[in-house]
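Asker: Chain by chain, the residues run as shown.
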Amino acid sequence: MSNQRPDGVTPSQTVGPYFKYGLTPNGEYEWNDAFTGNLLTPDVSGERIRVEGKVYDGDGAVVVDCMLEIWQADSQGRFSDPQDKRALPNSSFKGFGRCGTDRTGGFAFDTIKPGPVPDPDGKPQAPHILLAVFARGMLLHLYTRIYFDDEAGNAGDPVLAQVPADRRATLIANKGAGNVYTLDIRLQGDDETVFFDV
Amino acid sequence: MTLLYPLQSLAAHPARLSPNYRSTLKRSPQKPLIPIRHSLSELTGPVYGHETVREHDNDLTIQAKGEPLGERIIVHGHVRDEDGRGVPNTLVELWQANACGRYVHVVDQHPAPLDPNFTGAGRTQSDAAGYYKFITIKPGAYPWGNHQNAWRPAHIHFSVFGHSFISRLVTQMYFPGDPLFPFDPIFNAVTDEKARMRMVSSFDLENTQPEWALCYRFDIVLRGRNATPMETK
Ligand SMILES: [Fe+3]
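Those protein sequence lines, which keep their order, are chains A and B.
Quick note on the numbering used here: the first sequence kicks off at 1 and runs consecutively.
Quick note on the numbering used here: the second sequence kicks off at 1001 and runs consecutively.
Treat the hints as calculated values from the structure; they're not laboratory data.
All residues carry an ideal CB built from backbone N, CA and C; glycine is no exception.
Any given hint could turn out to be false.
[What the hints assert, rightly or not] Ranges of calculated distance between the beta carbons of each label pair, as one might list FRET restraints:
#1 A:174 / B:1183: 43 to 51 Å
#2 A:162 / B:1217: 41 to 49 Å
#3 B:1225 / A:152: 33 to 41 Å
#4 A:149 / B:1030: 47 to 55 Å
#5 A:38 / B:1205: 53 to 61 Å
#6 B:1007 / A:115: 45 to 53 Å
#7 B:1067 / A:162: 31 to 39 Å
#8 A:36 / B:1019: 33 to 41 Å
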């Protein structure tokens, strides 16, 4: 049975409005969290940052039932995955986080600033975090990236270079006080976030 | 093993803008998505071990003091990639309504009873062959506000990771022969019938436990092909 070649992938369906007690209970429901928005581990090295923002729909209304997941490299640009042959074995930093938006559409991740990751040609990309967005009304999640406004490498980043100049700002988090970066996600509209077809 | 993730694999998914499912109208992008090449960021993904999953997290019928009401069922299957290989040690999460079609979630106001002995959340890790198994309660159908007299077919929500961040899948498992199938815009947002039927579990008499529980098989296929596929035989 399991050696049979499948016809294709299992189609995606919406996460729906009721995922919270199962995927992001965060103290509001009895179930324990497999993941939270806090990726920091005691042994992690690198610059500790918070990335926060709000999620908006096409009417400019906040999306209060959104789930966000991030995936990122460590401060040296290495992934906690054996598929990254350069992986550093001695950190418990996992690089994955998940949170649900709150009643104001807000989200926050506590993590570290990732280091540069090579592009498919081996050239460095600017530091970035991958973000996947799930919600009621979304039949298939969306992928985007979070860049940082204080990184000189943005100018030479091959992915940002593919994005029309007037839309790049939707991918770049702005640094404020206390190492807090802010980036809002707009699912639709004039300032729509750039999403990637990957 | 290096996997490739061709974009053609995504054709099975529903269109993000599927107007019959009204909530997609304001929550789907209007500008074209920008294709980018896959770097290590896209090709790697989170790896979680047994520390994430506690023993019995896959049995939703023993999480409370008493037994939940409803029809006890076994739901099992393999997580596989597009070449049919099992995806080992991957996290599988599920959540669902109770036997009456009611979720524990505070926003769910369907006037059906909550079950004090059923939360409806579970997780497990696939084994070395990609096999997973849950014990739960068959969920009920429930009404929703999409259109006049709208009801969701009975379903279990699944969340699966796979080998990379771009093999991530959130889907819903349905039950064979549900009379609500023709009327559900979420199910029918998958326009290809063969693809749609991959979301429908099959009744598994062979693994039904006599005097105890019916069994349903739900195999999950994630993106990802071997970099050196055997195109010719
Ligand atoms: Fe549901």
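Asker: Against this structure, judge whether each hint is valid.
Answerer: Consistency of the hints with the structure:
no. : hint                       : verdict
1   : A:174 / B:1183: 43 to 51 Å : holds (46 Å)
2   : A:162 / B:1217: 41 to 49 Å : holds (42 Å)
3   : B:1225 / A:152: 33 to 41 Å : holds (38 Å)
4   : A:149 / B:1030: 47 to 55 Å : violated (26 Å)
5   : A:38 / B:1205: 53 to 61 Å  : violated (46 Å)
6   : B:1007 / A:115: 45 to 53 Å : violated (28 Å)
7   : B:1067 / A:162: 31 to 39 Å : violated (55 Å)
8   : A:36 / B:1019: 33 to 41 Å  : holds (35 Å)
Checked against the numbered hints above, the structure violates hints 4, 5, 6 and 7; every other hint is satisfied.
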